[in-house]
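Enquirer: Residue numbers (our numbering), protein chains in the order written: chain A, 1 to 216; chain B, 1 to 286.
Simulated from the structure, these hints should not be mistaken for lab results.
Heads up, the beta-carbon is just placed ideally off N, CA and C, and yes, glycines get one too.
Do not rely on the hints blindly, as some may be mistaken.
[Claimed, not checked] Distance ranges between label pairs, derived from CB positions: (1) A:Pro113 x B:Arg14: 19 to 25 Å; (2) A:Val200 x B:Gly170: 35 to 41 Å; (3) B:Leu70 x A:Pro113: 41 to 47 Å; (4) A:Glu209 x B:Arg14: 36 to 42 Å.
Residue-level listing of the chains:
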Amino acid sequence: MDEYLPELMRRLLDGFSMTLFLLGWSALFATIVGTMLAIFRVSPVPPLRAFGTSYVNIFRNTPLVVLFILAVEGLPTLGVAIPFEWFAVVTLSTYTSAFICEAIRSGINTVDPGQAEASRSVGMTFGQTLGQIVLPQASRAVIPPLTSVYIALAKNTAIAAAFGVVEATGQLSNLIRDFAPFIYPSFFAIAGGYILIVAVISGIASALERKLAVVR
Amino acid sequence: MSSVLFEEPGPKTRARHRTWAVLGSIVILAFLALVILKLWTEGAITPDKWSFLTMPSILLGLFEALLSTLFAAAIAIVLSVVFGLIFAAGRLSRVAVIRWPSILVIEFFRAVPLLLLIFFIFLVYSDVLGALGSLVISLMLYNGSVLAEVFRAGILAVPKGQAEAGYAIGMNRGQVLRLIQLPQAIRTMLPAIISQCVVALKDTALGFTIAYPGFVREGELIFTSTLYNNPIAVGIVLAAVFIAINYSLSRLAVYLEGRQRAKMAGQQGMDQTASTTEATDANTGA
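With the hints as extra help, turn the sequences into a complete structure.
Expert: In structure tokens form, the structure reads like this:
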């Protein structure tokens, strides 16, 4: 027990800093790419719409494990040599951006049609309508679906454990190997860490939602 | 083509959209061409990398592995529905001793990564459960907890008068739940349940990480062999099969939802149906 607790703390800290690294970078890239895809999907330009739709259908229906294999095993055969954690970031961003796109698109659909009609009637272009009228209002409605996507992403970072990244879930097998009598405490400690991350994400989301709430 | 964001364009706008369409197509096609060129020159998709598709023994192996993945998914889905029904009923119970543990179980398994569960159950109980058992139990705990919330939302969306009518003719709470609320809830929840099946099927691929002899594992055996060494070609084939299955299932869910909406149109409760299925759609990110 004397040895276990400090070692557990150290490995939890190591593991969850890697989990947060994966979560942070993937969330950033996925949000950028996902927003672009959402704009493509509602645009009046058919090829862009088709591209957005295909991207979403392909990456939303492929298991994340298969995407991980394509990145971790496939990219090196093309001469791409980057650390394992960046392969994980690439994979998680590619996958998650499809879900971000759909969350944002559903938010755009909640904006009252009258808003877009009014902006068109004063002569605004598609870009102006979307950028100045619709997206700012949609940003309120997208918070709940986006929160679900980010929570799912936080949990999906665990899959990197099976592909050479020692993040929080990867620490479980090490802990069980080195401290066999403490199987259950190790599991619940790691599970607790994820529950904390999920709680923080939902906390930030509801704070944002309160802040952005307006009387309509 | 018109939508809320733009309407039937005039000649000037049409010209502008055409410019954008041409520019967009060029950029997208150039990007795709670059990717394919890179894949080709690095020898990742040359004909010899696809030759495994002409070997009957390999195709048979892949097919059998796909069946065992679908088998695991099917058991997991059935168990998840049972688990979900039990815990949804538990969470709706008026007895605190039943309600609180149900809430705890549902919330715990929804917040914990599925892979952590799979690793834990496999490392601790694999002697008893084996790879298939560990995978199926983990999927049941996770998807069952998600489904419990879907069922609960569905039951709560059934108009209140239905339950009151049940009580009025002398039914007890169990009978009202079982004979009145659940049959109506299941019907409205069908699209959400199918969406969750897609999630479960996709997650079954995680069996690969504990060496369950499923579809992805079989693919790995092919691309790690020195004869082929073709992770990209195999990965594309694996992805294509999963996309075909999941896309058809999603279409089915959309079709059922459309039929549901048409049936419910004008009736009370339509809004609730729409919002609960949307909530679970967001969940498919898991």
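Enquirer: Would you mind marking each hint as holding or not holding in the structure?
Expert: Going through the hints against the structure:
1. A:Pro113 x B:Arg14: 19 to 25 Å: holds (23 Å)
2. A:Val200 x B:Gly170: 35 to 41 Å: Distance hint for A:Val200, B:Gly170 is violated at roughly 49 Å.
3. B:Leu70 x A:Pro113: 41 to 47 Å: Check passed, 43 Å falls within 41 to 47 Å.
4. A:Glu209 x B:Arg14: 36 to 42 Å: holds (40 Å)
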